[in-house]
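Number of protein chains: 2
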Amino acid sequence: MPPFTSITIIGAGNVGSHLGRALAAVGQPVLEVFSRDKGKAQSLAAEIGAQPQSELAQLSAAADLYLLAVSDDAIGLVAADLCAHLPSGKAVAHTSGGTPSEVLAAHFQRYGVFYPLQTFSRERETDFSAVPLCIYSPNSSFEAALLALAHRLSRSVYRIDDAQRAVLHVAAVFVNNFANQLFHFGQQIVEQEKLPFDLLRPLILETARKVQDADPQAMQTGPARRGDAETIRRHLDYLQKFPELAQVYEIMTERIMGSA
Amino acid sequence: MPPFTSITIIGAGNVGSHLGRALAAVGQPVLEVFSRDKGKAQSLAAEIGAQPQSELAQLSAAADLYLLAVSDDAIGLVAADLCAHLPSGKAVAHTSGGTPSEVLAAHFQRYGVFYPLQTFSRERETDFSAVPLCIYSPNSSFEAALLALAHRLSRSVYRIDDAQRAVLHVAAVFVNNFANQLFHFGQQIVEQEKLPFDLLRPLILETARKVQDADPQAMQTGPARRGDAETIRRHLDYLQKFPELAQVYEIMTERIMGSA
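Here the protein sequences come in this chain order: P and G.
10 is the number of the first residue of the first sequence in our numbering; add one for each residue after it.
10 is the number of the first residue of the second sequence in our numbering; add one for each residue after it.
Any given hint could be a false lead.
[What the hints assert, rightly or not] Negatives, chain P to chain G, calculated, CB over 10 Å: (1) Ser15; (2) Gly36; (3) Glu56; (4) Asp73; (5) Gln127; (6) Arg133; (7) Val182; (8) Gly195.
[What the hints assert, rightly or not] Part of the chain P face toward chain G, derived, beta carbon under 7 Å: (9) Gln173; (10) His193; (11) Phe194; (12) Glu202; (13) Leu209; (14) Met228; (15) Gly231.
By construction, these hints were calculated from the structure, which means they are not laboratory data.
Since this is a predicted model, take the numbers as computed values, not measurements.
Yeah, the Cβ is synthetic: ideal placement off N, Cα and C, and Gly gets one too.
Sequences and hints are given; from them, build the entire structure.
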């Protein structure tokens, strides 16, 4: 028997869509898809065999799990709204890395977190079975059900409490947002010289692949790791035309030298 | 007819090994593999059907291209040595992103660069056909031959002069060494909380995949991009236990906010 007989997804953005498709793919029934954007609700619902809904007040009370896949600042508001329209006793989980589970506590007794630690985009398919799912609820039977659901979707399931999840979110900013910003810097530099970013793309991919089964520190190379002061000086000379990048170069070089 | 009838590879480290295998795979004859480390010379030579050599003075003069796959600081010295032992008129190219072609000019008339813009490691196979090859020689007929050789190995071949290559090398430090250092920071943070680095690995890989067919700036997400001051403040509070990471967090956050 599946851990939940029917699930309603609130939010049809990137997380809601990828999660909805993953649920459908393992045969987990999705009852309704809610989005204020009627078109989004309809297209995701049609894709995964659910009913679309764009009025929160009209949501069916028949689901036994409501998954909130909305932006961090909307979680509290949507939870309050949902609580006003659903009979008491319903179970709710949000899907965010950045928001404590307690924002749901004022509105629901059975609340928790179902956080996929991945970056999703509209254009790209995701192998959901490889996405780490971070599960938490202070209610242990509800948590067990969320964990069981997670294990149906992914081979990488973790029990992660609010404090741990907050830390994971900081780490995710470093490896995702900041790394992506470095890729942007790389693009700025090569395009300034009228060279295509395609020159750097294979290097970016291989750098990420290398740490899939090794530690980043063991994989480090380059002038900072070698302590090659002459090359570093030449690079900083060149970066005089990008003062904001020069500062990043200096700090990252210091860090690499310091952790060698 | 192949652009070169036989090639000798000087250096059996990561670049020399991957290049040697790629040459063998397209049926480009490799005459000799030189390494001061006899074992390395022998094992690579055996693998690609070449002769091993660990005495530079004994190198055959029969090759029509000598590829220098040695560390940056050794290029000049090895070129001088090589020049002393080979008859005049031999053609030489180095494989480095960080060294101007001119270091070869004192020793050879036909000199150039054959730079694979990729990070290689002993343990990992590389799809050489996707590796950008950056080719240059001031001698146009030699450059044409190097370009022809490159096109046999890769679908991604560029003519890149010394100045452009120096810039590429700076960009490569950002997207490879510095990104890898961010991955190391991510690992430090999660391991401090006794969480496994495996939680972050899929995110790292997907972040790199996303920019394979999109611009990094368009892919940016997270608290800095959203201008989410509350989350940024919480992250910096947490990072008080990692002052060196806090400084990187602040600067990268500023940069993302500034380039939004």
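Results of checking the hints against the structure:
1. Ser15: 28 Å, holds
2. Gly36: 23 Å, holds
3. Glu56: Its Cβ never comes within 10 Å of chain G, the nearest being 21 Å, so this holds.
4. Asp73: The claim stands: Asp73 (chain P) keeps its Cβ more than 10 Å from every Cβ of chain G (closest is about 28 Å).
5. Gln127: 6 Å, violated
6. Arg133: 7 Å, violated
7. Val182: 6 Å, violated
8. Gly195: Not fine: 4 Å to the nearest Cβ puts Gly195 (chain P) too close to chain G.
9. Gln173: Holds, because the Cβ-Cβ distance from Gln173 (chain P) to chain G comes to roughly 6 Å (cut-off 7 Å).
10. His193: 4 Å, holds
11. Phe194: 5 Å, holds
12. Glu202: 5 Å, holds
13. Leu209: Holds, about 5 Å.
14. Met228: Met228 (chain P) check passes; min Cβ-Cβ to chain G is 6 Å, inside 7 Å.
15. Gly231: The hint holds - Gly231 (chain P) has a Cβ within 7 Å of chain G, the shortest such distance being about 4 Å.
The structure fails hints 5, 6, 7 and 8 (numbered hints given earlier, in ascending order).
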